[in-house]
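Top line first, the protein sequences correspond to chains V and Y.
Okay, so the first sequence: first residue is 1 according to this note's numbering, each after it adds one.
Okay, so the second sequence: first residue is 138 according to this note's numbering, each after it adds one.
The set of hints was computed from the structure by calculation and includes no laboratory data.
Note that beta-carbon positions come from the ideal geometry of N, C-alpha and C, so glycine has one too.
Be careful, since some hints might not be right.
What the hints assert, rightly or not - Derived Cβ-Cβ restraints for the label pairs, each shown as a range:
hint: 1; chain 1: V; residue 1: Gly77; chain 2: Y; residue 2: Ala427; range: 40 to 48 Å
hint: 2; chain 1: Y; residue 1: Arg153; chain 2: V; residue 2: Met1; range: 39 to 47 Å
hint: 3; chain 1: V; residue 1: Thr119; chain 2: Y; residue 2: Lys418; range: 38 to 46 Å
hint: 4; chain 1: Y; residue 1: Ala141; chain 2: V; residue 2: Ala137; range: 26 to 34 Å
hint: 5; chain 1: Y; residue 1: Glu448; chain 2: V; residue 2: Ile61; range: 32 to 40 Å
hint: 6; chain 1: V; residue 1: Ala137; chain 2: Y; residue 2: Asn315; range: 46 to 54 Å
hint: 7; chain 1: V; residue 1: Gln45; chain 2: Y; residue 2: Arg262; range: 56 to 64 Å
hint: 8; chain 1: Y; residue 1: Ser325; chain 2: V; residue 2: Ala4; range: 49 to 57 Å
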Amino acid sequence: MSAAAEILVPGKTGEGEALVLTAPISFWGGVDPKTGRIADVRHPQHGEVISGRVLFLPGTIGSSSASAVLMELVHNGRAPAALVLHEPDAILLLGLIVAREMGWETPMAVRLGRDVFETFRGTSVKIGEDGDLAVAA
Amino acid sequence: MSLALSPEEQAIAAGRDGAAMAMRIVAESARLLGAPRLIRIASAHIDGALYHGDSGTLFAERLVEGGAKVAVRATLNVGALDLMGCSRIRLEEPQRGMARRMMEAYRKLGCEQSWTCAPYQAGHRPAQGSDVAWGESNAVVFCNSVLGARTNRYGDFLDIACAITGRAPDYGLHRPENRRARLVFEVSGLSPSFLASEIAWPVLGSLYGREVGNAVGVVTGVAGHPGEDALKAFGAAAASSGAVGLFHIAGVTPEAPDVETILAGPEPEAVIRVTRQMVAKARSGLSTAAAAKAIDAVAIGSPHLSSTEFEMLERLIAGRRLAVPIYACTGRHVLGLLERDGRRNRLEASGVVIVADTCVVVTPIMPELAGGVLMTNSGKFAHYAPGNTGYAVLYASLADCVESAIAGKPLFTDIAA
Numbered sequence: 001m002s003a004a005a006e007i008l009v010p011g012k013t014g015e016g017e018a019l020v021l022t023a024p025i026s027f028w029g030g031v032d033p034k035t036g037r038i039a040d041v042r043h044p045q046h047g048e049v050i051s052g053r054v055l056f057l058p059g060t061i062g063s064s065s066a067s068a069v070l071m072e073l074v075h076n077g078r079a080p081a082a083l084v085l086h087e088p089d090a091i092l093l094l095g096l097i098v099a100r101e102m103g104w105e106t107p108m109a110v111r112l113g114r115d116v117f118e119t120f121r122g123t124s125v126k127i128g129e130d131g132d133l134a135v136a137a
Numbered sequence: 138m139s140l141a142l143s144p145e146e147q148a149i150a151a152g153r154d155g156a157a158m159a160m161r162i163v164a165e166s167a168r169l170l171g172a173p174r175l176i177r178i179a180s181a182h183i184d185g186a187l188y189h190g191d192s193g194t195l196f197a198e199r200l201v202e203g204g205a206k207v208a209v210r211a212t213l214n215v216g217a218l219d220l221m222g223c224s225r226i227r228l229e230e231p232q233r234g235m236a237r238r239m240m241e242a243y244r245k246l247g248c249e250q251s252w253t254c255a256p257y258q259a260g261h262r263p264a265q266g267s268d269v270a271w272g273e274s275n276a277v278v279f280c281n282s283v284l285g286a287r288t289n290r291y292g293d294f295l296d297i298a299c300a301i302t303g304r305a306p307d308y309g310l311h312r313p314e315n316r317r318a319r320l321v322f323e324v325s326g327l328s329p330s331f332l333a334s335e336i337a338w339p340v341l342g343s344l345y346g347r348e349v350g351n352a353v354g355v356v357t358g359v360a361g362h363p364g365e366d367a368l369k370a371f372g373a374a375a376a377s378s379g380a381v382g383l384f385h386i387a388g389v390t391p392e393a394p395d396v397e398t399i400l401a402g403p404e405p406e407a408v409i410r411v412t413r414q415m416v417a418k419a420r421s422g423l424s425t426a427a428a429a430k431a432i433d434a435v436a437i438g439s440p441h442l443s444s445t446e447f448e449m450l451e452r453l454i455a456g457r458r459l460a461v462p463i464y465a466c467t468g469r470h471v472l473g474l475l476e477r478d479g480r481r482n483r484l485e486a487s488g489v490v491i492v493a494d495t496c497v498v499v500t501p502i503m504p505e506l507a508g509g510v511l512m513t514n515s516g517k518f519a520h521y522a523p524g525n526t527g528y529a530v531l532y533a534s535l536a537d538c539v540e541s542a543i544a545g546k547p548l549f550t551d552i553a554a
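Looking at chain V on its own, in the form it has when it is part of the complex (with noise of 0.2 Å):
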């Protein structure tokens, strides 16, 4: 199984077992910026951690703070694999552009159809150079 993407902001390649979150977050306040955890206890995935993984996102809520958490996560070397998003947001993307200029290793963002999300539940997936999404075997 695969699907092309759309880079959204450059990166390293990345491999990481899939993190498929069914509600929105805010990284500001939700997710903790040493830990990679999920700390928003509203929300559906509380508790899962996000480091390594690679994390689609239906959509980002809240404070504009998340670009400092995602880049954050990132210096910590907590950031996710990869994110893949539905559409591009700006601001938490900022966290990884940030980083970018920093001189410091990012994970890939890739755009891909909300639809999609759901095939890679559970399966560990695969980012290439070109940002395809490929089901490790």
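Given the coordinates of chain V, work out where chain Y should sit on it, guided by the hints.
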């Protein structure tokens, strides 16, 4: 439509210094937002100097090392420390040192040491119709709605990058067609005495934010100008319960002399008729500790208190001694006035803890207290205090907050909607 940079912008972005880094950040954001070009801005208000982790400090210091300076007037929002030394911040090392380095880096970039979330009451008031890049949700909504200047919600990193380049992506609320109202929020069904009361505006703001989300709406049925502090409270509450960046009030705010002028089409897409029941529900929703028998503290000043609000506070306390502290958050622009005429001493002698440059929900100030109860007259504090401080909250008018602080237990005056 793809982004087109001018030759000058391209030349700046191709450099190796701090200005180049800032230009690339603004351009990359513009590309993601689908903006066709960058526009010049007249000023900025920077929310990025609040410490969330070391990476933000390192970013600001990289800009300083690269020789970057802000190209336009740039005021600073709150930091994590009270540099005026009014209150004790419980932030430990090494975070404390990194927070201080961050504040210092933003000073070196040429930002004004305003350290307030109410820059618009500290002399930073851009002209109506001018484009600016402001951060901090309450400042953004006040700037757009009450001043009529044009800004989107600029978050961490992009705010300072815009200030250094003097430019912002051309999209969203910078474009006049996106500033027209699509919804009507009709309050004429509420009693004039409620609308004239101090609690009306934070409660209505909280309800408005939840009802409209990120859409632009116009409030109708307001008889006269409720005063700037009321609009400040309304906007702050609306921006915490929803993603409100701009509201209009017919006959009050500058872009809405009347409903017809500001509506996007001949008819609104929806009319929200506010009932007394909706107000009662919104008001009780601001409290999470309705059954509390005692309170541990009162917090006011989100957004930061104006001099006028301090006068009200002093009048209500009337020289009495408080049983629990009132944390009164403000900027140094007001602190100077309080010190000049002895008001700071009088307030502190009563038991008021003045907090300057920062506030009680963004940095640890209040003691850690399991089961603590905080009373507030701020819709924004009511929204953020439970998550950020661990205190349960009780929402009340300033007068009730003062009487409760003197008694050490919640006292409410009934104000019917």
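Consistency of the hints with the structure:
no.: 1; hint: V/Gly77 <-> Y/Ala427: 40 to 48 Å; in the structure: holds (44 Å)
no.: 2; hint: Y/Arg153 <-> V/Met1: 39 to 47 Å; in the structure: holds (43 Å)
no.: 3; hint: V/Thr119 <-> Y/Lys418: 38 to 46 Å; in the structure: holds (42 Å)
no.: 4; hint: Y/Ala141 <-> V/Ala137: 26 to 34 Å; in the structure: violated (44 Å)
no.: 5; hint: Y/Glu448 <-> V/Ile61: 32 to 40 Å; in the structure: holds (38 Å)
no.: 6; hint: V/Ala137 <-> Y/Asn315: 46 to 54 Å; in the structure: holds (48 Å)
no.: 7; hint: V/Gln45 <-> Y/Arg262: 56 to 64 Å; in the structure: violated (44 Å)
no.: 8; hint: Y/Ser325 <-> V/Ala4: 49 to 57 Å; in the structure: holds (54 Å)
Hint violations for this structure: numbers 4, 7, all remaining hints satisfied.
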